[in-house]
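Spelled out, the chains give:
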Amino acid sequence: MSDIVPILAIGIVLYAMKALPFAWHFVPRTPLADQIIDLLPVALLAAVLLPPVLAPLLAGAPATDGLVSLLAVAASFVICLLSNRTAVPIAVGLAILAMAEFF
Amino acid sequence: MVEAPGEMDDDHWRARTAWRRGAHAAMPLVPGAVLFGLATGAATVSAGMVPAAAFAMPAAFYAGVAQLAYVQLAVVGTPFAPILLTVALTHLRYLIYATIVSTWPRPGGFFFRVVAPYLISESAFALALHEPAPSRLRFMVGAGLPLWWAWIGAGIAGTFLAGLLPPLKHAYAVPAIVMAPVLARQVSGRARVAAALGAVVLGLLLSPLPLRLGPLLAALLAVTAVLAAMRLSRRPR
Chain A
1 MSDIVPILAI GIVLYAMKAL PFAWHFVPRT PLADQIIDLL PVALLAAVLL PPVLAPLLAG
61 APATDGLVSL LAVAASFVIC LLSNRTAVPI AVGLAILAMA EFF
Chain B
1001 MVEAPGEMDD DHWRARTAWR RGAHAAMPLV PGAVLFGLAT GAATVSAGMV PAAAFAMPAA
1061 FYAGVAQLAY VQLAVVGTPF APILLTVALT HLRYLIYATI VSTWPRPGGF FFRVVAPYLI
1121 SESAFALALH EPAPSRLRFM VGAGLPLWWA WIGAGIAGTF LAGLLPPLKH AYAVPAIVMA
1181 PVLARQVSGR ARVAAALGAV VLGLLLSPLP LRLGPLLAAL LAVTAVLAAM RLSRRPR
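The listed protein sequences derive, respectively, from chains A and B. Under the numbering used here, read the first sequence as residues 1 to 103, first letter to last. Under the numbering used here, read the second sequence as residues 1001 to 1237, first letter to last.
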């Protein structure tokens, strides 16, 4: 039981971090705020997702490992741009990774 | 029962069916949630957490990075306050996602007020960005539900499979592969392309920062730089 209590307490804090802005509505609807809201999601997603894939290449990790990951992500990205689909690019990207992992 | 199109206007029909389209759109992302959930569940038990705690965490936190941060600190006996601070800081970007979601039109009712924020995840949030604003929140909730089930199921399965799952050399690339198509559809227009490129470069430079603050600062700085450049380019000479 003592292991669960801190987990639930932190869970409540994490939920509050999502629920309070949601309930509060404190973002003013100004042109500047609208521009920030337009640009921030794409910037945040790019900053969260892509540096972990690029960092091993720049850090001098074994070149093939870093290149395979980059190739898989690039394939997923480019195939989506060309096909406007989601499932196929992900399947191709994961297949490239699986081949590198198991063969 | 949902009325057929033609019996109501298009916007109303779109809003009513948005959750279903969201669930459908999330299906290709489910394998990513399963892989990450399995790895996180296995890592939680392997690190020495008791099974009851490992079962509770996927639902209580609903955030893999926060779960891993908690586990790393809890198993070495770190006091509660530093753990709470660390986990909250690693979770900061969800504060931004929720702030952005708060600007979307919201249907009334308890479910959308109380449950919808819990279902905010990177994947569901990003998928919903393609949806027109009036039905965007319903779409995000629809996308969030299958991803939540996949995460919980995989997290619990991972606790049983700890020690049996092979270590993956390229696991760090899975989130980027799964989210790349979602990001590809978002990167349109010069300002967004510049913000994304700036965020990647700054993200690499700031990646040594602790508590996963690097991506957050990188995104904020990139957006600030793009907005400043837009202002300067519009200024009369």
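These are computed hints drawn from the structure, not numbers from a lab. Note that beta-carbon positions come from the ideal geometry of N, C-alpha and C, so glycine has one too. Any given hint could turn out to be false.
According to the in silico footprint, chain B covers these stretches of chain A (three or more CB under 8 Å from chain B) [what the hints assert, rightly or not]:
#	stretch
1	13-27
2	38-49
3	52-59
4	83-89
5	95-102
Incomplete in silico selection of chain A near chain B, CB under 7 Å [unchecked claim]:
#	residue
6	A72
7	S76
8	F77
Now the hints, each set against the structure:
1. Only residues whose beta carbon comes within less than 8 Å of a beta carbon in chain B count, and the stretch 13-27 of chain A has 14; three or more means the coverage holds.
2. With 12 residues carrying a beta carbon less than 8 Å from a beta carbon of chain B, the stretch 38-49 of chain A meets the three-residue requirement, and the given coverage holds.
3. Evaluation of the coverage hint for the stretch 52-59 of chain A: fulfilled, as 6 residues show C-beta separations to chain B shorter than 8 Å, against a requirement of three.
4. Here the stretch 83-89 of chain A counts 5 residues with a CB under 8 Å from a CB of chain B, which clears the bar of 3, and the coverage holds.
5. A stretch counts as covered by a chain when three or more of its residues have a beta carbon under 8 Å from one of that chain; for the stretch 95-102 of chain A and chain B the count is 3, and the coverage holds.
6. A distance limit of 7 Å between C-beta atoms decides the matter here; for A72 (chain A) the minimum to chain B is near 5 Å, and the interface restraint holds.
7. With a cut of 7 Å, the hint placing S76 (chain A) at the interface with chain B holds, because the nearest CB-to-CB distance is about 4 Å.
8. Taking 7 Å as the C-beta cut-off, the interface hint given for F77 (chain A) holds, the closest approach to chain B being about 4 Å.
Going through the hint list in order, the structure satisfies each hint without exception.
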